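Model the full assembly from the supplied sequences, consistent with the hints where possible.
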Amino acid sequence: MAAAESFGLRRGAGARARRKAKEAAVGAAARALFYPTLLYNVVRSKVQAEFRWWDEVDQFILLGAVPFRRDVTRLQKLGVHGVVTLNEPFETLVPTSVYKSRGIDHLVIPTRDYMFAPSLVDISQAVDFIHRNASRGRMTYIHCKAGRGRSTTIVLCYLVKYKNMTPTTAFEHVRSKRARVLLTRSQRKVVQEFSTKVAGTAAATSSSPSGDAVPQTEDGSGLPGVVREDASLPSHTATPSGPMMKKMLACLLPSPTRSGGDSPSHADLRAP
Numbered sequence: 001m002a003a004a005e006s007f008g009l010r011r012g013a014g015a016r017a018r019r020k021a022k023e024a025a026v027g028a029a030a031r032a033l034f035y036p037t038l039l040y041n042v043v044r045s046k047v048q049a050e051f052r053w054w055d056e057v058d059q060f061i062l063l064g065a066v067p068f069r070r071d072v073t074r075l076q077k078l079g080v081h082g083v084v085t086l087n088e089p090f091e092t093l094v095p096t097s098v099y100k101s102r103g104i105d106h107l108v109i110p111t112r113d114y115m116f117a118p119s120l121v122d123i124s125q126a127v128d129f130i131h132r133n134a135s136r137g138r139m140t141y142i143h144c145k146a147g148r149g150r151s152t153t154i155v156l157c158y159l160v161k162y163k164n165m166t167p168t169t170a171f172e173h174v175r176s177k178r179a180r181v182l183l184t185r186s187q188r189k190v191v192q193e194f195s196t197k198v199a200g201t202a203a204a205t206s207s208s209p210s211g212d213a214v215p216q217t218e219d220g221s222g223l224p225g226v227v228r229e230d231a232s233l234p235s236h237t238a239t240p241s242g243p244m245m246k247k248m249l250a251c252l253l254p255s256p257t258r259s260g261g262d263s264p265s266h267a268d269l270r271a272p
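Numbering (full-length UniProt numbering), first residue to last: 1 to 272.
A hint or two may mislead.
As the list claims (entries may be wrong) - Per label pair, the in silico range of CB-to-CB distance:
1) 78 with 119: 41 to 49 Å
2) 14 with 101: 42 to 50 Å
3) 20 with 103: 24 to 32 Å
4) 21 with 58: 37 to 45 Å
5) 176 with 108: 40 to 48 Å
Source of the hints: derived by calculation from the structure; they are not laboratory data. Please read these numbers as outputs of a predicted model, since none were measured by experiment. All residues carry an ideal CB built from backbone N, CA and C; glycine is no exception.
Okay, here's the thing in structure tokens:
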């Protein structure tokens, strides 16, 4: 028994070490690729009218790429009163102090680029931040580096919780507004998990004798909402999967175009 336990501990330690090594490798590559890919996005936004820096998802949500300092005034004029940043510090071009000087609230959720997703706790914090602004008639700008994956994850979860959308419907809606959004396996997975969490809380609330008791999550926030979709998935991990370099260079490739009113496949939100 002792030998088996020792083997299990060594195996777990080995898995953690490999995961940390992968995270470190991706982090180093993300740093190396940040400015080249940022420059690519800037150039493409200048030569392609449809390649916008940000897009309006609904009346109170802007989804887009990392803002420059000069963009803060433009965002303010658009009615933005809150910004959710999913970038790591080396990717962040506008400090909180600049937003604060313009009366803009700034929520920072550092999330590694390429194959990673924010945690459920961070997602809950972000979607509630967006909802507080929306309930006051204020717009929020949600961004990562390119406005494709990390920031889209947050927007989808907001639509799931506060607009009663399924993950698939939310993705279809967002992609109709910003065609180049693209989720990694871990991001699809955490959106499904968040949907399941919201659905479970709603079911528990509806079965409560009083009908008004909202169970609390591990971060202390209730999650009202109804999602009619079976999204049972294994626990989310931040371990990257798939061919690493192929995914890291995906931002340099044009997004596939769709004709007319064609909607994205429902498989876009399901792990392969």
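Here's how the hints hold up against the structure:
Separated by about 29 Å at the C-beta atoms, residue 78 and residue 119 break the suggested range of 41 to 49 Å. The given range of 42 to 50 Å is respected by residue 14 and residue 101, whose C-beta atoms sit roughly 49 Å from each other. Between residue 20 and residue 103 the C-beta distance comes to about 40 Å, which lies outside the given range of 24 to 32 Å. Separation of residue 21 from residue 58 is about 41 Å and conforms to the stated range, judged on CB atoms against 37 to 45 Å.
In this structure the supplied range 40 to 48 Å is violated for residue 176 paired with residue 108, their Cβ-Cβ distance being about 29 Å.
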